[in-house]
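Knowing the structure of chain A, use the given hints to seat chain B on it.
Sequences listed follow chains A and B, in order. Position 809 (the first sequence) corresponds to 1986 in the numbering used here; numbering is contiguous. Position 22 (the second sequence) corresponds to 24 in the numbering used here; numbering is contiguous.
Hint data in this document are derived by calculation from the structure and do not stem from the laboratory. All values reported here derive from a predicted model rather than from experimental measurement. Even glycine gets a Cβ: it sits at the ideal position worked out from N, Cα and C. Hints are not guaranteed to be accurate.
[Claimed, not checked] Taking beta-carbon pairs under 10 Å as the criterion, some of the chain B residues facing chain A (in silico):
#	residue
1	Tyr7
2	Ile10
3	Ile14
4	Leu33
5	Ser38
6	His41
7	Leu44
8	Pro53
[Said to hold, decoys possible] Covered stretches of chain A, going by a simulated chain B footprint (3 or more residues, C-beta under 8 Å):
#	region
9	1292-1306
10	1309-1320
11	1369-1375
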Amino acid sequence: MNAAEGNLHKRQGCYHCGLDIPNHSQFFTVIAGEPRRMCCPGCQAVAQVIADGGLENYYKHRTVEATSPESLSASEQLQAEFELYDHSSVQKHFVADLPDGTRQATLVIEGITCAACVWLLEHHISSLDGVIVASVNLTNHRARVQWDDETIKLSEIFFAMHSIGYQGHPYHPDKEEQLLEQETKRAMRRLGIAGVFTMQIMMLAVALYTGAGASLEADYENFIRWASLVLATPVVFYASRPFFQAALRDLRTRHLTMDVPVSIAIGGAYIASIWATVTSSGEVYYDSVSMFTFFLLIGRFLEMKARHRTGKAGNALLNLLPASAILLCDEGEKIVAANELQQGDRILVKPGHTIPADGLIVNGTSSIDESALTGEYLPLTKNIGDAVVGGTINVENPIQLEVTQVGESSQLSSIVRLLERAHDEKPKVARLADKVSGYFVAAVLIVAATVGTVWWQISPDHAFWVTLSVLVVTCPCALSLATPTALTAATGTLRQHGLLITRGHVLESLAKATHIVFDKTGTLTEGNLSLQNTYRLSDLSEVECLDIAASLEAHSEHPIARAFHRASRQDRVIPAEQLTNHVGMGLEGYIAGKRFFIGKPSFASQFCGKPLDFSDAPDSHGQWLLLASETEPLAWFGLNDPARKQAARMVQQLQKMGLEVQMLTGDSSAAVQHIARQLKIDKVISGVSPEQKLQHIQQLQESGAQLIMVGDGINDIPVLAGAQTSIAMGSATDLAKTNADAVLISGELMRLPQGLRLARRTRANIRQNLSWSLLYNLIALPLAAAGMIAPWMAAIGMSASSLVVVGNALRLTKLDRPDRLE
Amino acid sequence: MSIIYLLIPIAIILAGIGIWGFFWSVNNGQLDDLESPAHSILYDDDEHLIPDEAKQRKPTEPPTEKR
Chain A
1178 MNAAEGNLHK RQGCYHCGLD IPNHSQFFTV IAGEPRRMCC PGCQAVAQVI
1228 ADGGLENYYK HRTVEATSPE SLSASEQLQA EFELYDHSSV QKHFVADLPD
1278 GTRQATLVIE GITCAACVWL LEHHISSLDG VIVASVNLTN HRARVQWDDE
1328 TIKLSEIFFA MHSIGYQGHP YHPDKEEQLL EQETKRAMRR LGIAGVFTMQ
1378 IMMLAVALYT GAGASLEADY ENFIRWASLV LATPVVFYAS RPFFQAALRD
1428 LRTRHLTMDV PVSIAIGGAY IASIWATVTS SGEVYYDSVS MFTFFLLIGR
1478 FLEMKARHRT GKAGNALLNL LPASAILLCD EGEKIVAANE LQQGDRILVK
1528 PGHTIPADGL IVNGTSSIDE SALTGEYLPL TKNIGDAVVG GTINVENPIQ
1578 LEVTQVGESS QLSSIVRLLE RAHDEKPKVA RLADKVSGYF VAAVLIVAAT
1628 VGTVWWQISP DHAFWVTLSV LVVTCPCALS LATPTALTAA TGTLRQHGLL
1678 ITRGHVLESL AKATHIVFDK TGTLTEGNLS LQNTYRLSDL SEVECLDIAA
1728 SLEAHSEHPI ARAFHRASRQ DRVIPAEQLT NHVGMGLEGY IAGKRFFIGK
1778 PSFASQFCGK PLDFSDAPDS HGQWLLLASE TEPLAWFGLN DPARKQAARM
1828 VQQLQKMGLE VQMLTGDSSA AVQHIARQLK IDKVISGVSP EQKLQHIQQL
1878 QESGAQLIMV GDGINDIPVL AGAQTSIAMG SATDLAKTNA DAVLISGELM
1928 RLPQGLRLAR RTRANIRQNL SWSLLYNLIA LPLAAAGMIA PWMAAIGMSA
1978 SSLVVVGNAL RLTKLDRPDR LE
Chain B
3 MSIIYLLIPI AIILAGIGIW GFFWSVNNGQ LDDLESPAHS ILYDDDEHLI
53 PDEAKQRKPT EPPTEKR
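In isolation and in its complexed conformation, chain B is listed as follows:
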């Protein structure tokens, strides 16, 4: 059990590092826009980054939508 004498201080130090990182990101403007980054990840604008052989062939006819 005496290991907690080591582990708890380590946990406190880690939390402190986390807080330091959080402060850095707030002061650095990383959190100014809380909305658009959540959406931008979903945009398929990276087609030119996909190697040609890895691209999925688009079916000539769209599959019928199933519900």
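Chain A with its partners taken away, still in its complex shape:
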């Protein structure tokens, strides 16, 4: 048994997803000869498919638990949804016909948590009849599938993924994404060139070092120098091009950054070495040039990787908007691609489907889940004539819409526009290293020029070499390594602990932060309703009441109903008969001939002798539902979106660290105040739109606050983009993640105070590094200027000072002891 497996199964959670198992539930699946306990029918079904397919090894190899699958009760509906992908009008956007008659598509897969998921998906999909190739990429969660359309339909592939607990979406590469891919490949090629040729040059350099002046004959030495020149040329001209380009851009904008001294060092040492090679005099620095380039490229490559990790921008909106829509025309229903909809079209939206465009309801009544846009966690009831927004989800009944806005002018697009504006107005963080390096570069250039002129007067023969040794000795290795090494070390540590940093300035901004603003739903709270308490009003036991409620709610996909699905102890809930859905009020149905009601108290108690109201509920916060029969009220159910377990402790720690904690939410219900009291957050702004959220944080920032914003939903995206530092939850929408500066992958809130402490230590570490390298340069510079430093001394000093910097930065790879204890 390996360590990861041991850790995973030690806890008494669901064998599949690791969530707590409700006390009364009895779901088992036999895996590898042993019955394993599951938390819900969804996990049970998924585990059964995995076990039946002989893929139990997945459980042995995984290092992270699976995500809990959505309930599988709506599988017929899902089947219908997946079948949309079989239509050629939908397929033409993402499916390629290959010359041999097969088809190929790239899909984005949701729910991949570790490498074992990749293994499971590849084996399960490849085993389907008609699938020729299925390969899954762990880094960007994409699957490339090639299949024979005669034997298997694409919808069946989607369904097969769904049956083992993963969601597939078609992938359309957009321009930005293609550019990112090219950037990655270019960076890899640069790294390869620098790496391979640096090794070759080092080999030759050893010969030069050991044989210099003594045993090595001048002819051989010259030959080795020429060989090094050949090897170093591609490193300088190809691998270090980004530094030169950035330096040129900086010079044009009259803004000195680290790229300028780096370019001067690389370019200067390279040109001087060529001079030395051609004239067979002085010293060559090919080894320093290429090694310096290689190390810096590694740092940049890691930084870029971290930045791209969350970069699934191209698909973020697509996941939200459905690829197809049901158009109502004279001939009846027709399935069309969503982007072909025109203003004025009439469309049908079935329950559970995402609304494809902004529109007005012309027929039907339903409730709409707008949580993605507004953060409101309960669906809103919409009637004929009400406007609905594309990207929101129709929960209960089929509705007919007249399309009012499509594409650019739709409300979702306007959020994206708001986001772009917010990006532009984001306050820029002046980076300490950049400021220091600006002065440093200017100083070095002036000193080098002065030294050169003075030596030219004294002894023209030596002038060039002394000037060069000034440039080499002050070669900003240590200085330019000071910040990246500390940042890389700290970023790596945080990533291991579940906080992924995607922009360079984050650690510095975290260290300086004075305010931290949280979104409520999905950030401070779990983001879904759960049954908190039950109060009996009759002789029936709590469990019996719960069974009745679950039967009534069995078919609904309303968030309230899902809370009952999760809480139910039964294997298979027997749905009530003659179910009637009174939108916005509740449900009624018959169980064993008796009529029951569940919903708003005034609705459920209509036939009871004594009508009840919300004021009769056991307390005033949370959401109360009444279960009643025709004769008497039976029970109150208290539903709530509970605060995350660590939230209170996190808020307390942040406050102790001197930060002002605020809550900013689109939700306007009583739950806001309840959560605020529970977590002891004083400053709460509720019921605000995305625009108002953005305004609020901009005002704070203008008044000088250094702000961190933590959020998750679509409605948080503009504010995440506009905040100086933004952190998205791991469960957030892709669009939110791409626009955040950091992602809290694990969703463990305690990582925030830990991250903040590490950021503060990082800042101190960078200061130490900068001071050290400046000190070293201050001592070495006068000596070099006086002509007292031989090139080999300069090389040793340079390496030593770099090593000190790297060693100091390595201290950041560990969290503080108090951090670890928590």
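Coordinates of chain B only, in the frame set by chain A:
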């Protein structure tokens, strides 16, 4: 010593071939996923490939774990 006049150019050519191979693999998407191949080698999903006579008999009782 004059052999280095031959060996160094050969070394440069070999390095060039290595770079060419590396470029090919980058452009061909071989390095797109840097994570999962490292794990997939460890999965014991090749049991059906092992000839029956070469399979190790599993002990009926698992041996007690030693530390």
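Each hint tested on the structure:
1. Tyr7: holds, 7 Å
2. Ile10: Status holds, d = 5 Å.
3. Ile14: Where the cut-off is 10 Å and the nearest Cβ of chain A is about 6 Å from Ile14/B, the hint holds.
4. Leu33: holds, 6 Å
5. Ser38: It holds, given that the least Cβ distance between Ser38/B and chain A is near 4 Å, below 10 Å.
6. His41: holds, 3 Å
7. Leu44: It holds, given that the least Cβ distance between Leu44/B and chain A is near 7 Å, below 10 Å.
8. Pro53: Status violated, d = 19 Å.
9. 1292-1306: It holds: at least three residues are needed, and the region 1292-1306 of chain A offers 5 whose Cβ sits within less than 8 Å of chain B.
10. 1309-1320: holds (count 5)
11. 1369-1375: Answer holds; 4 residues pass the 8 Å Cβ test.
This entry does not satisfy hint 8, going by the numbered hints stated previously; all others are met.
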